[in-house]
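Visitor: Chain by chain, the residues:
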Amino acid sequence: MKANLFGKKIAFYVLIIVVWQGIDSAEIWPDNIFPSPIEVGEDLLYGISDGSLFYGIATSMWRLVIGLSIAIGGGVLLGIFMARVETVNQTIGSLVLGLQSIPSVAWVPLAILWFGLSDSGIIFVTAIGAIFAVTINTYTGVKNIDPSFIEAARNMGAKGSQLVTTILIPAAFPYMISGFKQGWAFAWRGVIGAELLFSFLGLGFLLNVGRQLNDVSQVIAMMLVIMGIGILIDGFVFKKLEDKVMTKWGLR
Amino acid sequence: MGKIEAKNIIKYFQHDGKPLKAIGGVNLTVNDGEFVCIVGPSGCGKSTFLRILAGLEKPDDGEVLLDGKKLVNTGPDRIMVFQEGALFPWLTVQDNVEYGLKVAGIPENERHDISKRYLDMMQLSQFANSYTYQLSTGMKQRVAIARALVMDPDVLLMDEPFAALDSQTRDLLLVEMQMIWQKTKKTIIFVTHNVPEAAVLGSRVAIFSHRPSVVKKSLDIDYKRPRVTEDENLGKFEKEILAALRHQGPK
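Going down the list, the sequences are from chains A and B.
Under our numbering, the first residue of the first sequence is numbered 1, with each subsequent residue one higher.
Under our numbering, the first residue of the second sequence is numbered 253, with each subsequent residue one higher.
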């Protein structure tokens, strides 16, 4: 079954490349508009051989990890507060909903003014793009906790931070995972978008360099790398984490 | 010690925005080591009364004393066993049982010793590393009882813990519950709507009236243990309970 599924996927991507090569061979568009898969592959190889690709990936990933960590830490905290303190929910809660509707890249001008063209600015954009998704999911998760869990824990003597770490967080964790997944997706978009506009290293920067040099195969190569990393992190980090949590919590 | 006194407990519910008197002045004293069952018509507030004893809800009037001291909050001296068990699905059976000990800061090896004793007692040892979704309803309630007992509370409060069980499992647990009580000599207050269950378990049965509820009758059940539900000699106690429940006035 599994091998079969894998085979199907491989066949599909091979087909895409073949069709792509076919269209290129028909020479409908010039090469500087529509590169062949081989040109894109060469570009990737070039990036690998001179190390610039790895440096770009590492830079973007580093910013992503820091930004997402801030978003997860802050979002979980804020979400728990909103769920447990009615006044916080009534005040900050409405603001969170509003802020979530702002696309990450719309924070870039403010980030440049506040932080200059720096890592901090990009990390700010990454974190702020992801934090509200984490907040809202954590809030929903904590709100949906079976009240008897909290009562049982209080009855057995848990209070304050103990209640948060031993009950609220683990009980809301299945919801929080969805928040992390959404947060990661927003953070990844945020980091690439910010790098495009900041033009300060990273994959988004390399993408922009491709455009500036009129190097369409580099543009497409970078887009493929961005997508590839997305698939890897989604499939290996978050899917695995989600499966593990859902099984352990008895939700599947 | 575990003498618990409820004095003139009054509690209102909100019903369609209007206050509705649910508990209308319950007085109940349960002596140390007594096993008291509370029965009453549904909606009479017997579960709420238990939650007030546990300190999970506040009465609108009246007070609860434990060994003469007024209680204001919830605490591990009165452990509640919830209707659905309220077991934590993210923890193994053993970690569930040890939860309260961990919160109290008891070191790990000491925790394991204590939990092992109660896991053995509740015949759960082979499930120590299972998660709760892997257990049957009856097993879950055993875990919930073990989790309460490890806290060594003065009073054990049980809110219809066997309501969701099939009758075979329930009969088994009814006998075990009596043995636990005899072995641990705990004060137990057990809410149920099941009259035979009350007659089997209780050394005394307190019958609540329809709301606003008061203790309508308190019936001592002086009969040898362990009792079983099919024992016909319990029939006369059951009849007395049923008669008291039936005379509820014009409601």
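Honestly, the hints are just simulated from the structure, not real lab data.
Worth double-checking, as some hints may not be accurate.
[Unchecked claim] The calculated lysine-lysine pairs, modelled on PhoX-like cross-linking and capped at a C-alpha distance of 20 Å, are:
1) A:Lys159 / B:Lys354
2) B:Lys273 / B:Lys310
3) B:Lys435 / A:Lys159
4) B:Lys259 / B:Lys354
5) A:Lys181 / A:Lys239
6) B:Lys259 / B:Lys368
Keep in mind the model is a prediction, meaning the values are calculated, not measured.
Visitor: Take the hints in turn and mark each one as holding or not.
Guide: Consistency of the hints with the structure:
At roughly 13 Å between alpha-carbon atoms, Lys159 of chain A and Lys354 of chain B fall within 20 Å of each other, so this suggested pair holds. Pair hint Lys273 of chain B plus Lys310 of chain B holds up; C-alpha atoms about 14 Å apart against a cutoff of 20 Å. Only pairs whose Cα atoms come within 20 Å are accepted, and Lys435 of chain B paired with Lys159 of chain A is rejected, the gap being roughly 31 Å. Among the hinted pairs, Lys259 of chain B with Lys354 of chain B is inconsistent with the structure: their alpha-carbon atoms are about 34 Å apart, more than 20 Å.
Between Lys181 of chain A and Lys239 of chain A the alpha-carbon distance is near 9 Å, which keeps this suggested pair within the 20 Å criterion. Only pairs whose Cα atoms come within 20 Å are accepted, and Lys259 of chain B paired with Lys368 of chain B is rejected, the gap being roughly 38 Å.
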